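With the hints as your guide, set chains B, C and D onto chain A.
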Amino acid sequence: MADFLAIWLPSWLALTLAALVHVTLILTLALTAAAAFTWAERKVAGRIQDRLGPTRVGGRFGWLQAVADGLKLVSKEDIIPRNADPLLFRTAPYVSFCASFCVYLALPFANGWVAQPLDIAVFFVLAVAGLEVLGVILGGYASGSKWSLFGAMREAAQVVSYEVPLALCAVIPVMVAGTMDLVAIGNMQAGWAWNWLIFHNPFLFITFFIYFTCAVASVNRAPFDLPEAESELVAGFLTEYSGFRWSVFFMAEYASMFAVSMLAAILFLGGWNGPLPITVWLGLAPNPATGYEPHALLAYFGNFLGMVNILIKATLGVLLMMWARWTLPRLRIDQVMTMCLKYCIPLAAVMFVGTMIYLYAFPVGLIFRSGGG
Amino acid sequence: MINPVAEPVSLMHYLVVGAILFVCGVVCMTAKRNAIGVLMGIELVLNGANLNFVAFGSPYLQSGGAPSLGLDGHLMALFVIVLAAAEAAMALAIALSFYNAHATVDVDQANELKR
Amino acid sequence: MGIVFHTVLFYLLAILACGFAVAVVLSNNIVRMAFYLVACLGAVAGLFFLAGADFVGALQLMIYVGGTLVLLIFGVMLTARGPLANIQTSRAQWAMVGLIGASLLAVLLYAATTAGKWTHSGQIVADRSHVSKPTATPIGLALLGVRADRLNAERTDAALGKGMAGYLLPFEIVSVHLVVVLIGAAYLARARRRATTPPMAATSGDSNNLDPGD
Amino acid sequence: MDLAQVLPLLLGLAWLTPLASFAAIVFFGPRMGHAGKGAGYVAIGAIAASAVLSILALIAWLIAHPLGGGHDAAHPVAAIAGEWYPLAVAGELKIAIGYYIDGLTVAMFAMVTVVALCIHVYSLGYMHEELHEVTDPLVTLANGQTLKRRGRFHRFFQYLSLFCFSMLGLVIAGNVAMVFVFWELVGICSYLLIGFYIERKSASNAANKAFIVNRVGDFGMIVGLMALWSGLGTFSFDEIFQQVRPAGHGPAAHGHALTVPDGMVRFAAREEIAAIYQGTPDARQAEHAIREQLPGWRAEGLGYGLLVVAGLGIFCGCVGKSAQFPLHVWLPDAMEGPTPVSALIHAATMVAAGVYLVGRFYPVFTPEVLLVIAVVGCITLFIAATIALTATDIKRVLAYSTVSQLGYMMLALGVGGWVAGLFHLFTHAFFKALLFLCSGSVIHATGTNEMPRMGGLLRKMPWTAGTMLVGCLAIAGAGIPLVIGLSGYYSKDGILAQLYSFAGQNPSYAWLFYVAAGGAALTAFYMFRLWFMTFLGSPRDEHVYAHAHESPRVMVVPLVILAVFAVIAGWNVPGTELGLQPLLEQARPLGTAEGASQGLFLPTLTLPAEHLSHAHEIHVPVTLLAFSVAVAGFLLAAVIYWWRLLDADVISRMFWPVHDFLRNKWWFDELYQFLFVRPVLAGARLAAGIDRVVIDGLAHALAGAVRLFSRFDDWIDRLFVDGAVNATANVTYEAGLRLREIQTGAIRQYVMWVAAGTVGLFVLAMFLWSYTLAGP
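Chains as they are written, first to last, in the working numbering: chain A, 362 to 734; chain B, 14 to 128; chain C, -17 to 196; chain D, 95 to 870.
Just so you know, these hints were derived from the structure itself, not from any lab. The model shown is predicted, which means the values in this text are computed figures rather than measured ones. Glycine included, every Cβ here is placed at the ideal spot set by N, Cα and C. Relax, there's no trap hidden among the hints.
Derived CB-CB ranges, DEER-like:
no. : chain 1 : residue 1 : chain 2 : residue 2 : range
1   : A       : A710      : C       : H159      : 18 to 24 Å
2   : C       : H159      : A       : F422      : 53 to 59 Å
3   : B       : H115      : A       : G505      : 23 to 29 Å
4   : D       : L855      : A       : R451      : 42 to 48 Å
5   : D       : L103      : A       : A710      : 50 to 56 Å
6   : C       : I165      : A       : P478      : 38 to 44 Å
7   : D       : G830      : C       : H159      : 31 to 37 Å
8   : A       : L381      : B       : N124      : 52 to 58 Å
9   : A       : L680      : C       : A84       : 55 to 61 Å
10  : D       : L855      : C       : R73       : 24 to 30 Å
11  : A       : R451      : C       : R73       : 29 to 35 Å
So that you can see chain A by itself, here it is in the shape it has in the complex (with noise of 0.2 Å):
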């Protein structure tokens, strides 16, 4: 794109207007997803709990209770406690949205969609999410409330653990495609269901279920919610937050949730590319058999679908989230260490020898297409 400007404007001004338009795209889609879940969120625990939820705002079934809820937060009178840090808390809240929404900078949407191309995107991906803690940290540690401090103890504990297995995952189907480029790896995926690389092989398809655990408490989502749980801290670090600040929280956490989704969808579940080669058959993507290759219109449609396809996966990673935070009981947080030093993290390793044993045993794969790049 900065490219295409670069034709009638100077190459800075080009680059920083191609920046702020994908800036734009990307804090829309995180707001609006995050807005979307809220009400989501609502919806699925009032169903699970055999509620109705919202149904008032907005319509039968309640579509703007989410800009309800934002303008609530927003006129909400902002507090900041005596105790507390004030520089520290009112930077935190910033940090934490701030890592969340840049893990979307390498995020692929489609073949090629993606704000910055980098060829070490999973591991950046990876990087920047596991700063995020680092907001809830400042937070808990500003608020100047022992609840607050606990809960930070307890996210720096649990990301920082967890973060051991969910890397080991992420670089089980790496070694699989063999680049850590996610646009590389979703291409890769291209073609039928079977070409996924849950589908690679039995260890891959165990390591995806560890991937999601894994995922699930280092967005400390329940029944990880350890840092804000609520019947024993008040709320954790959220204790002293509210109004807008408390909101960004909330933001970073859906739009971290919605982030390791689609990871998981791109890693695992074929990122853009649906159960059938449709884009194929309608000629909207390149056809490797046949060599044809599609107008760039076309082409853009194709992409497009594609946005939609990796949208919907990442949807229901987060449905699933949400589906397990009203169904199954938190944990303690002995347990929560537990599951994941005693289980995860020797599960994943396996996951990882047995692959590689997998690999070198079959080099061209079973089902796999191709494997690795």
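Okay, now just chains B, C and D, sitting in the frame of chain A:
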């Protein structure tokens, strides 16, 4: 008057930033009495050095014909980061241990062996 | 007249990095220091990206900012109680430190500004002709002992053995070192109570069993 | 099926199975069943498997080489020789685990394993008290109590297995080195088993005695081995026999006459050979000349002496192992071991190994050596038989009987009766094992070894008495003359016939025959004396009698089996020539069928061919004579001990010098004590005194001198060396104290100094650089 933003950056720029970070780190190590503050100073020093490594290894800052460190710079920086992580874990453990024993983290109090 | 985007970004990040570094030095509150350090290191990671070292940059983010600093803050929060958070240094010491810091800075700046003289061409400037090359694969191969970046038409496999060895051994040493550190840190920072009382008593919460001398 | 492959396999397995059992019991013995009872079953299983394999091997051998064609000397049955595993090759010397299998080997395997199996089963009952804690009444501890110890059931069977392995290895060995190894191994087993009740002083003494006396014999054996090795350059039986009995050599019709090997001739003629080498420039020509000279030298008798030495040396070892005349003293004492051990090792197998080895080495022995063997055997048989007359310990009677019978075998071999000697070995193995086991049964029942305390046990122990009677009849050579008899009848007749034949050829050595015939009478006398004293008459000790009982079935069944063998071992299968004697005839070594030529040193000596003794005019009178002397001995025993027409005590008082002489075993022990033990002990004391006075004195004087010097040295050390060191240390310490002030322990200061130092260094470097290197 040269417009600074119109010129491409050179190696010197990176080295200057590295130098500032390094000196900040040294000052931090020297001035802070808090053990963890000293630790942060060490991190700053390491980062200043790392910046130099990366700058020397950067393909963008290479002049015609001048050999750059290339990948070696990256790898050195990588090892520095990894070892810094190890060092931080160790130093923190020591600090915690010290805190448990003396109820303070003031490094000036850590002079028992002198007596 | 034009603006080099690269340069603009560089200045932005450089000012951030230096500013936060100075803030670390000047701040007295240990937690704020940690926060400034995070920002500073993040900016340095940005500088790494800018210099084409994206893998190192990501590593910086992941390990330094994500790991080490969380650890650091952990330590801060475990030890920061009341007066400990602000331990003051005397003015005389500050003066001494400032003097030495200034002279060191002068020396280093002198070295940095004369960096161009170190080479025969006399000038080291940015060369925009280079295209961004992926670095993750060469780094991985180098850690396994193969210097892919030095393989070219003239120096083929035969040269692999001499003079262009990779970093396999340092890599292994570092990994073993990490394990040792992990165990050592866990041992050093373990709870003291366990050393003198059986684990059951320590976790049962029955304080009568605990040795008051602990 | 190729016999040359099947037999090594079968016999090798039979040989190694007991080793496996031994290893298993060593490691798991105490945990096998209750108190190690399972160890017995393991050992029995192993030896039973061995027996089955050995009998299979015997059958295979008989199928391949049927008996009955008469002895065909023109087409002798070749032995199967080979190697399983070469252990080491050093130059010419090759040491290997090899085998040498002929009819004798196969028969020995079958005999040893069958007898051993019977004795194993018997031991299961005999040793049962070792299953629990044992109180040994014969051992008194320092605190006056009797010894209590844990049972050693498994250990007993472990040793038995090791012994079976060693004995079978000795039999199957393919070379002399291997024979020697297993020779020592059976010695070790014997030592271990004699000393089984190690806490008893007598048992440990007996074990030591057996071991040391055997060493004397083994010394001679090593001399013989060295002579053989230096002369022949090989240890393998096969190669030795080929060199000593080359085909087509000698005046005899079938060739294979005894020949002094080239190596021995060369050794004796080394001066002549050196002269030839000096006189002839070309080595090949010299060698050729030597080759031409060899027959001449041989005819001169060069090297014959070495052959005699070799033969005597080997026989020396056999004297020790088979308890022959000068070295016979250990065997009676060896009765300290458990009775099954006496039966297996000290009657049936190990002591017979000496005879076996003489038989195996028969082709190597010159007539002179054979005469020595005969004389030694004769002396032994007479001495032992006389001592047995007065012994009252039931086992000692049997032990002297064993020595005496071994003397018979040696005597037979010495006068050319190869088949007769070895035949007696086999029959003796069966009936002597039987006799020992019966005596064990009696001891088991009465708890005493002393015959004067027994008597009248026939009613209490009918099976034991019956089987023992069979054994006595067999050893006495009972039978219907010229018609049929027990096994001993055949073997002893063979020996006496050969002796008669020999005496006819060499009148000056006729006394050998008379002594042997007299020995037959003595044998009958002391055996029936034993039987009558034990089983007939009235009980002499009511207490013992009251407690006596028949042994359990597990002990009686082996007795019956062995009794059957004692009866039939001498018979051929009716209507055929399938029997032990034809088998041995077939196994006869090459070149020994024709009798021996005149020896070099004893030119008048003639060893008649053995088949001559089968002639009617020799056979019939000898048989009748043997029978009559045996009956005479029996009658005398019956008169004294059964019908009690004469009082034994009166007789012994009447001939008290003789009685005392025999009672004290010809004073042999005292003689050896005086001749060897005392001087050795005195020498040892003398050496100890010299050690104490002279050497220790020297050492003490030296030590004193060193101490003086070191005191001086110490003074120097203190004054100068320590002074210097202390001064250095003080200076260092002072310097350290000063320098310590710099080490404030404040890390921030250190950092500051490092930074300042860096700046200083940089400035210095810039200064130097700009004014020296980069200067104009």
